[in-house]
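Given next are the chains, with one letter for each unit.
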Amino acid sequence: MVRLLDGVKVFELGIAIASPNAGRLLAHHGADVYKIESPTSPDIVRLIGSAWLHDNEELAPVVPDSSPYVSEMNADKKSVALDLKTPEGQRAARALLAQCDVFLANIGARALGDIGLDYASVTELNPDIVYVQLPGFGSDPAAPYFPYVAWGPNQAPLVGIDDLTGHAGREPAGIATVAPPDYLSSLHAAFCVLTGLEERERTGQGVHVDISQFETTVSLLLGPFAMDHALTGRAQSRIGNRSLWYAPEGVYPCQGEERWIAISVADDKQWAALLTVAPPEWGRDERFADGESRLANVEALDEVIAAWTLGFTNNDLATRLQGVGVAAHIVATNEDLLHDPHVMDSNWYQVRPNSRFRRDVFSGYGIHLSETPGAWERAGPSMGEHTVDVLTDVAGLEPDDVQGLVEGGTAFAMNRPDLQVNRPYEDWLHVLFPQEAADTRDLP
Amino acid sequence: MSQPFEGVKVVDLSGLAGAYATRLLAALGADVVKVEPPDGNPLRRMAPFIEGVPGSEASLWWAYLAMGSRSVVIDIDKDDDRAELEALLAQADVVVDDHGTGVLDGHGLGYERVSEVNPGVVWVSITPFGLRGPKRDWQSSNLVAWAASGVLYTVGFDDQPPVVPGGPAQMGMQAMALNAAVGAVLGLRGRRLIGRGQLVDLSLAEACLAFAPETGVPVFLDDQVHRVRSGNRRTLSRPFGIYPCSDGYVSILVLMPRHWEAMAQWVHEVCGNESIIDPVFADMTVRGQTMELVDSWVEELTTSMTLLEVFQEAQRRGIPITPVNTIETLRRDPHLEAVGFWEEVELPVGGSATIPGPPFRTNADWWQLGRAPRLGEHNADVLDH
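From first to last, the protein sequence lines stand for chains A and H. The numbering used here puts the first sequence at residues 1 to 444. The numbering used here puts the second sequence at residues 445 to 829.
Wrong hints could be hidden among the right ones.
[As the list claims (entries may be wrong)] Cβ-Cβ distance ranges computed for the label pairs, FRET-style:
(1) A300(A) to I721(H): 51 to 57 angstroms
(2) V672(H) to G113(A): 38 to 44 angstroms
(3) R320(A) to S740(H): 43 to 49 angstroms
[Claimed, not checked] Short, incomplete list of chain A residues facing chain H, as computed with Cβ under 7 angstroms:
(4) E72
(5) P153
(6) A413
Simulated from the structure, these hints should not be mistaken for lab results. Quantities reported herein were computed from a predicted structural model and do not represent experimental measurements. The beta carbon of each residue, even a glycine, is placed where N, CA and C say it ideally should be.
Please put together the full structure from these sequences, using the hints given.
So this is what it looks like as structure tokens:
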């Protein structure tokens, strides 16, 4: 089976999500993605560790490999640990970079310059590289916010997503739990890497792509509202779960504590479908007769729906509504996802070998190609797991040289490879995956 | 300088779920033909509308997302029209389709049929829950997909129902379209490598599920913590989250010791607060345990200043604080202004409006994008040959 990126080598300086989530897509399709990192200046996922390892001194060496995000964001990558603040570390990085097709990074533009990995310096070494960077505010030093600091959770507020999230008349709810701009930027980065590779195939030339997360997310999400503001002065803000275009659309309570259902009825056809299972008086109520009147009377409509949904469990009601063609789903908790037959049937959660935990769980990918599908081979790498092999076999350094770098503390091999532990869930993976087959889920 | 997708023919049969994908492809040189039913693409019915413009040409969603494409009107229920569509699909390099599982197959125009005459076609299929699995026939929406992903449950205040991330910006649908763009390029690469096209199976459900690692199953399995909604501040430590200022809100993220030191010093200087510089608060766990107190001190500072004042002074002091921008504050943001982000675009029926610039910049002039087409504007150009 052909894998689309067989033979493509990616040099990735990624932190947290924005770059790593793009790198893992490339790895999924067969690219060799080298995660360049360092215990002296680690990716945040190496710092946070697993909660159950805290205060366990004996297992302290395991911590950098233990965060679930290591595999979530870095499955199938190779970890090459180098101290890029030292000339020796930089020399090794440059030897590897000279062999690579793609440069991918979301560390700050200024920091990249400081370690000699800005676009101009990299092209001296590798003129036709596809160079994609995702700095928070772009890579132009003359731009006002160039030196500013904005971490992942600052980005959604910055680009207007938090103002649009929440109930009307209340303060913005924001999105405290996930960082959407990181994922949206990562998809743009993947698109640009793939486009850059095809373009290089055609023209023989590389490219420099600058993805300012600020600009990217505004460009993706706010076009129509920005135009409306320019034309009329109106500034669209949060409206809860309601739709600008139709009603009802909302999250309604069901039987039980914190059990909710989401329902969308986009047109008259779906309204008619809803009426086949809803109280008959809704169909006789003039306030709900057509799309326009339902929008005009959305408050009253939401009230009667919320009173009705309380009579059901959310799972029963979702199944019943979908049975007649109405868009509805339980508002799933993380535990609900474990029992979601569709999510489980799709193998969304993957289990693959891991050097620290024997095997690890991570999320799959949502782009399914019929002829050239991606594949997952391994979970995330332990810090430095591939340093020696990659510097020797790919970067072409002499074994003695590599040994010297490791002994000199500018390159790092995997810490205590003998120290292997089980995650807490190890004993009940079979519960997680009841259809466990003789495939990679049932690893030795 | 040529553009990456010059010569690539894209037939767009989709609405919002695929629009941003074909916008990207068009911007990078592809010839995108949007096939619209007689009453127009669903985007044309999405408010906000341009005032004083006839119905089908008034939507700003259309004016923005259909930029760079051509429009033809085809009534799939008419035999002659269907033949025209068949001819278009037979020559397409990429098709983007969000009709739902099996709908086009029912018209003899699905991937199976088209790939027989056009084996090179990259067919990007967008459905609510994908082409396989127990929920393959289920319906969806932006809200419903977020509900299924596990993310919706964790967003909002605990005294109100969970609330959809991104609200009317339809972030899940836009993420869906971005996945479609990536899928299309993967498919084109595949065609170069194996000499034929393929089916790219995408779902809105998985597009949203892909945002879930921070609230998802692998994290849950590891720490067995149920992620719940906790309003707009995190419980981990403080200040962390959204804080009011005199004319809006700012996002504050203070975890690192150096950031706290700078924050405490600032509050001390401005408000004369002696307690906040007590070393006991240097411990982020202590600040988590005394969150109401810490928050009240920080709010005393932030509410005494405007959004821009808090933002710029915080950044001068090296503290990660950003505005909670609204559409209005974004439109006058000094950085976006200085980098020339905002552009002017012609509207389909005349006049112009300000739009956000490209989502990325390249040193190779990849990006070039004209206005959105009027309904059926290119019938004669496209359908006559």
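Going through the hints against the structure:
In this structure the supplied range 51 to 57 angstroms holds for A300(A) paired with I721(H), their Cβ-Cβ distance being about 54 angstroms. The supplied range of 38 to 44 angstroms is met by V672(H) and G113(A), whose beta-carbon atoms lie about 42 angstroms from each other. In this structure the supplied range 43 to 49 angstroms holds for R320(A) paired with S740(H), their Cβ-Cβ distance being about 48 angstroms. A least Cβ separation of about 4 angstroms between E72(A) and chain H falls short of the 7 angstroms threshold, and the interface hint therefore holds.
Below 7 angstroms, beta-carbon pairs count as interface contacts, and P153(A) has one with chain H at about 5 angstroms; its hint therefore holds. Among the interface hints, the one on A413(A) is violated; its C-beta lies about 25 angstroms from the nearest C-beta in chain H, farther than the 7 angstroms criterion.
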